[in-house]
Amino acid sequence: MIKAENILVQFGGISAVNHVSIEVRKGRITGLIGPNGAGKTTFFNCISGVQNVTEGKIYYEGKDITNGRGFQLCEAGIARTYQNINLFHSLSVLDNALIGKHCRTHYGFFAALFGTPRMRREEEKAREDALEKLKIVGLDHKKDLKAGQLPYGEQRLLEIARALCTEPKVLLLDEPAAGMNATEKVVLNDLIKKIASMGITVLVIEHDMDVIMNISDYVYVMNDGFLLAEGKPEEVQRNPEVITAYLGGN
Amino acid sequence: MKGNMTVKKLNRIILLVLGVIAVILPLLITNSYRLYFFSFVGIYVVAASGLDILFGYAGMISFGHIAYYAIGAYVTTLLTSYAGLPVMASILIAAAVAAAAGALVALPCSKLKFQFLALASIAFANFIYQLICNIEFLQPYRGMKVEPLSIFGVNLNSDYRYTYYFILVWVVIALLAKHMIVKSKIGRAFMACRDNTRSADGMGINVRKYKVMAFAISTFYVGFAGACAAHLNELVVCNTYVQANSFNYVIMCIFGGVNTIFGPVIGAVVFQFINEALASATAWRDIIFGGIVMLFIAFLPGGCMSALRGLEEKLAARFSLGKKEAASKGGKKDD
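From first to last, the protein sequence lines stand for chains P and R. Residues in the first sequence are numbered consecutively from 1, following this note's numbering. Residues in the second sequence are numbered consecutively from 251, following this note's numbering.
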């Protein structure tokens with residue numbers, strides 16, 4: 001589904017991501033783990049069009065999308081959430097979800113101005129769909145609250161709902177469990193599995209081992225900008241290099 | 251939910267009352283200068299609403315909107331005087347030209363951060379002002395005569411009641427159009443760009459395109475206002491268009507409250523009244539406006555609209571509470 005080949009990202013001579021190759025297979029949940037500062041988010045930003053790569057190629061469904069722009073990639077079917085929550089804080093929960101529907105509604109300026117039947121039909125459909133996506137993450141009853149008023153964990157869920165609204169083929173989750181308590185993490189695990197069962201390919205960044213081992217079909221491990229290991233969760237867990245990277249030691 | 255319903259009802263009542271007042275105003279006022287004044291209030295409502303689309307919804311500032319007001323005024327003047335176009339068509343074309351100028355300015359400027367955008371807009375306003383002042387042909391200081399406001403060859407300015415109604419109709423159209431735009435996906439895209447450009451991009455919104463669009467729509471409103479004002483005054487003089495006058499629109503938005511349909515309306519009305527009251531004391535005028543703006547920013551950043559909303563919610567809560575009590579009492583009686 002997504003194939004990243006030999007990605008190099010340099011910031012003024014320092015390599016944040018050092019020749020990393022990753023393949024995200026269709027219908028799977030792929031995990032990307034590593035300690036803080038390993039370059040996971042930078043790598044993610046490359047795939048979602050936020051960060052340009054210095055070298056390397058990224059393919060999506062066979063097409064070259066290297067250094068594509070964020071909104072175009074989103075339209076093509078790659079949606080993401082953010083490690084530092086990036087909601088539209090002053091807008092309602094429903095409006096946040098509706099903004100996710102932006103690239104799936106196609107009426108233009110004059111249709112909006114005159115409120116044509118087409119515009120109303122599309123708006124109605126977008127609204128229904130946004131509510132449905134909010135229901136999936138369990139926020140439909142809070143649709144009229146401001147996004148900034150939600151507790152932290154629910155803001156993360158809203159980010160996922162908003163990303164789902166863009167009708168993605170691939171969903172990139174950047175540390176979705178950060179700041180969540182144990183109960184919320186269980187809910188999140190179920191949610192991610194549910195999303196995968198909807199036919200959406202998932203790539204998830206975590207440094208919480210429990211979460212990632214629980215849900216992933218395949219795991220990549222990054223450390224210091226390098227790809228350290230890859231494999232099934234059980235294999236990776238036994239890998240001595242990974243254990244060293246995580247626990248430190250000799 | 252119930253509270254919301256009452257607020258909606260309250261809004262409708264207020265709107266209806268204000269609408270009725272606006273419509274019957276010329277019956278109450280016969281003084282032709284007053285009617286001219288109220289027509290001008292309408293023009294400022296359109297201009298302030300335009301700035302609000304940019305400032306309140308899309309989160310971009312402009313301290314140079316007077317430039318588009320000037321473009322609207324001079325384009326329509328030239329089109330009617332030299333090309334012989336009918337006034338209404340000419341006003342719309344002038345607004346479109348102002349919008350095109352706005353879009354052109356926005357193309358490079360949409361990447362600027364807030365404070366730098368403010369500086370760029372000031373520079374552009376000064377540029378346009380100097381341009382006007384230095385084109386002999388436009389008779390900048392003596393002033394250029396403009397055709398009176400007219401439709402189908404009927405001179406509306408012969409009786410300012412007609413002018414007033416003409417402007418009122420366009421105010422309603424402008425507000426309706428703004429309402430349609432901001433509640434559509436376009437308005438949501440504007441607000442997304444305002445709140446968080448990064449995730450707006452991530453959600454499939456072409457940030458640059460929508461910023462330019464916000465600029466164009468906003469400047470269309472201001473250009474339209476400028477063109478109407480020229481035909482209302484029947485004269486264009488360059489010193490109307492000094493950059494500092496741009497702040498008037500910003501002050502109106504801050505008075506009334508941005509990011510609302512009726513905030514700029516209230517702002518424009520209040521501004522014009524204060525302005526008129528202090529017309530003979532220009533120095534005091536600036537001091538008082540400055541003071542009021544500072545007070546508003548410090549204590550009521552949402553403007554009059556946020557204060558009104560708070561009041562309404564309290565009223566609505568009291569109403570629905572009253573109703574609930576009545577209902578529960580009624581229920582008890584039934585028991």
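Check the hints yourself; a few may be wrong.
As the list claims (entries may be wrong) - Per label pair, the in silico range of CB-to-CB distance:
hint: 1; chain 1: R; residue 1: LYS363; chain 2: P; residue 2: PRO151; range: 51 to 57 angstroms
hint: 2; chain 1: R; residue 1: ARG262; chain 2: P; residue 2: HIS89; range: 28 to 34 angstroms
hint: 3; chain 1: P; residue 1: HIS89; chain 2: R; residue 2: ARG568; range: 28 to 34 angstroms
hint: 4; chain 1: P; residue 1: ARG127; chain 2: R; residue 2: VAL267; range: 50 to 56 angstroms
hint: 5; chain 1: P; residue 1: ARG127; chain 2: R; residue 2: LEU369; range: 55 to 61 angstroms
hint: 6; chain 1: R; residue 1: LEU357; chain 2: P; residue 2: ARG127; range: 47 to 53 angstroms
hint: 7; chain 1: R; residue 1: LEU277; chain 2: P; residue 2: LEU131; range: 46 to 52 angstroms
hint: 8; chain 1: R; residue 1: VAL273; chain 2: P; residue 2: ASN181; range: 18 to 24 angstroms
hint: 9; chain 1: P; residue 1: ARG104; chain 2: R; residue 2: LEU277; range: 33 to 39 angstroms
hint: 10; chain 1: P; residue 1: PRO151; chain 2: R; residue 2: ASN384; range: 56 to 62 angstroms
hint: 11; chain 1: R; residue 1: LYS564; chain 2: P; residue 2: HIS89; range: 47 to 53 angstroms
hint: 12; chain 1: P; residue 1: PRO151; chain 2: R; residue 2: VAL273; range: 17 to 23 angstroms
As the list claims (entries may be wrong) - Examples of chain P residues lying across from chain R (beta carbon under 10 angstroms, computed):
hint: 13; residue: GLY49
hint: 14; residue: THR66
hint: 15; residue: PHE71
hint: 16; residue: CYS74
hint: 17; residue: ASN86
hint: 18; residue: HIS89
hint: 19; residue: CYS103
hint: 20; residue: PHE109
hint: 21; residue: CYS165
hint: 22; residue: GLY179
hint: 23; residue: ALA182
hint: 24; residue: PRO240
hint: 25; residue: GLU241
hint: 26; residue: ILE243
Just so you know, the hints here were simulated from the structure itself, not pulled from any lab data. Here a beta-carbon is modelled for each residue, glycine too, at the ideal position from N, C-alpha and C.
Each hint, compared with the structure:
1. R:LYS363 - P:PRO151: 51 to 57 angstroms: For PRO151 (chain P) against LYS363 (chain R), whose Cβ atoms are near 31 angstroms apart, the range 51 to 57 angstroms is violated.
2. R:ARG262 - P:HIS89: 28 to 34 angstroms: holds, 29 angstroms
3. P:HIS89 - R:ARG568: 28 to 34 angstroms: With a Cβ separation near 30 angstroms, HIS89 (chain P) and ARG568 (chain R) satisfy 28 to 34 angstroms, so the hint holds.
4. P:ARG127 - R:VAL267: 50 to 56 angstroms: violated, 32 angstroms
5. P:ARG127 - R:LEU369: 55 to 61 angstroms: violated, 40 angstroms
6. R:LEU357 - P:ARG127: 47 to 53 angstroms: violated, 33 angstroms
7. R:LEU277 - P:LEU131: 46 to 52 angstroms: holds, 48 angstroms
8. R:VAL273 - P:ASN181: 18 to 24 angstroms: Between VAL273 (chain R) and ASN181 (chain P), where Cβ atoms are some 59 angstroms apart, the hint is violated.
9. P:ARG104 - R:LEU277: 33 to 39 angstroms: Violated, since ARG104 (chain P) and LEU277 (chain R) (Cβ atoms, about 51 angstroms apart) do not stay within the stated range.
10. P:PRO151 - R:ASN384: 56 to 62 angstroms: holds, 60 angstroms
11. R:LYS564 - P:HIS89: 47 to 53 angstroms: Distance hint for LYS564 (chain R), HIS89 (chain P) is violated at roughly 25 angstroms.
12. P:PRO151 - R:VAL273: 17 to 23 angstroms: violated, 48 angstroms
13. GLY49: holds, 8 angstroms
14. THR66: Not OK, violated: THR66 (chain P) not within 10 angstroms of chain R, min 17 angstroms.
15. PHE71: holds, 5 angstroms
16. CYS74: holds, 4 angstroms
17. ASN86: holds, 4 angstroms
18. HIS89: holds, 6 angstroms
19. CYS103: This hint holds: CYS103 (chain P) lies near chain R, its Cβ roughly 3 angstroms from the closest one there, short of 10 angstroms.
20. PHE109: holds, 6 angstroms
21. CYS165: Status holds, d = 8 angstroms.
22. GLY179: Because about 18 angstroms separates GLY179 (chain P) from the closest Cβ in chain R, which is outside the 10 angstroms limit, the hint is violated.
23. ALA182: violated, 28 angstroms
24. PRO240: violated, 38 angstroms
25. GLU241: It is violated, given that the least Cβ distance between GLU241 (chain P) and chain R is near 33 angstroms, above 10 angstroms.
26. ILE243: Violated - the Cβ of ILE243 (chain P) stays beyond 10 angstroms from chain R, reaching only about 35 angstroms at its closest.
Violated hints, in rising order: 1, 4, 5, 6, 8, 9, 11, 12, 14, 22, 23, 24, 25, 26; the structure is consistent with all others.
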